[in-house]
Amino acid sequence: MFSSKVVYILRYFDSTGLAESSRILLTAAGVEWTDEHPEWPQEKPNQPHGRMPVLVEKSTDGSPDFVICESSNIERYLARTYGFLPADLKQAALQEQVRDLISDVNGLFTGYVYCQNANDKAMLIAKFESLLDTLIETQTILLKNNGNTGRLFGNSLSYADIVSYGFYINMMINAAQFKPDIANLIKPKLTPELVKLISTAEFDPLTVKHKSKDGSLTAAISA
Amino acid sequence: MLSGSDTVYVLRYFDVIGRAEGCRLLLTAANASWTEEHPEWPAEKANQPFERLPVLVERSNGNEWILCESLTIERYLARVFGFMPTDLKQAALQEQMADQQADLLSAFFAQLTATGDMKPKQIDEFNTLFDRMVKEHGRILSRSSSKQHLFGDHLSYADISLYAFYKLFIVYLKCYQSDIAEIVKSKLTPKIINLILSIEKEPQLAPHFSKCDTMAAIFTAKDF
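Quick mapping for you: the protein sequence lines, in order, are chains A and B.
Our numbering numbers the first residue of the first sequence as 570 and each following residue consecutively.
Our numbering numbers the first residue of the second sequence as 52 and each following residue consecutively.
Everything labelled a hint here was simulated from the structure, so no lab data went into it.
Backbone N, C-alpha and C define an ideal beta-carbon position, used for all residues, glycine too.
Each hint can be trusted.
Ranges of calculated distance between the beta carbons of each label pair, as one might list FRET restraints:
no., chain 1, residue 1, chain 2, residue 2, range
1, A, E605, B, T179, 20 to 26 Å
2, A, Q611, B, A97, 46 to 52 Å
3, B, E233, A, P617, 27 to 33 Å
4, B, I117, A, T718, 22 to 28 Å
5, B, I174, A, P633, 34 to 40 Å
In silico negatives: residues of chain B with every beta carbon more than 12 Å from chain A:
no., residue
6, A83
7, K198
8, S261
As a list, the in silico DSS-like pairs of lysine-lysine whose alpha-carbon atoms are at most 27 Å apart:
no., chain 1, residue 1, chain 2, residue 2
9, A, K613, B, K186
10, A, K696, B, K172
11, B, K236, B, K198
12, A, K659, B, K96
13, A, K696, B, K225
14, A, K627, A, K780
15, B, K172, A, K613
16, A, K748, A, K782
17, A, K713, A, K756
18, B, K186, B, K242
19, B, K236, A, K613
20, B, K172, A, K748
21, A, K696, B, K170
22, B, K140, B, K186
23, B, K96, A, K758
24, A, K627, B, K140
25, A, K574, B, K140
Use the sequences and the hints to build the structure in full.
This is the structure in structure tokens:
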């Protein structure tokens, strides 16, 4: 399909965090890619926006590296390039809005983590839970309307499936370092449809060989 | 243009600049048929798909289609109306600017609400991010063939998004923090100010300024 070979480097910390969805997309795309864990904060000035993740696309035909950043931007670029986002603008937008809602939920959690005032923390975690409930309800309705196949849209693994999986593995396992009881807060909220989404995304033929630093989310939530 | 001539749009949001200005500017630049709705709030919260605003309603041939999330709405409208490049790499370079701007807005609210010893850290983080972003805007502009546009020689999603961002910080956010406009203005270079004012003068955006002021009067000779 491509006349010259493309290899990718994904720069991020050695954790799932905001990079896992991109890692899963790279695996699902079947392209050659590696993780890079730059010295931090020493390598900050060398990144386009001073932050990570960063995606470096190297071509073997001698053209300059293509470098992009911003986690959801990297995901959308990979998803469009490798066919995990549909070409139809409306269908793609319906998937993208789920990811943007995920960004909002992540933002509320970050606000909670940085807050030092006990009263404000209580208010912020309540806001986080409320929006998480909206996300879960949204995903569950999509899954039900799609025949409860464990897929949010269509008949094959999609961008929306992958970024949803990436959200839950980060928030239920990686985020425990910031809030130890976070898994116990989220687990009871998971609907059966969402549990099926998680295992379907994890064990898809395209993603089954992906090894996550946080292990198997399917195993973690059935424990 | 990919939408039919009988397609009409409704943008639901509060009657403020807020997070909808990019959407408004895109609909205007597209010369789309559109109106704005300001739902009773929080009475109408439960009637929105994500219980939040903005929401875009697209009506065509008796059908209604609904989209949420400000940045998704922006990217969708930009693609429908040809403001987003079809080349995936070029589109990603424009989209990451909008994502960076969203990070800045989050950083603004983080430093606004921070308390104790987090406050100076968050203020420092906001300033560092903002200064880096202005440098990035300058770098992109220096590579552009035109000094009135970020990419190419015509109005693009990146231009519209940048204009909405600076309008947000210079005109709107003072309702949260009275000195933010002056802080942001002091960070801008003459080239960036010139870019902002050039975008504002784009004929496609003229109808927008029948409803609100331009920023031209805000920048005086000493800002350049």
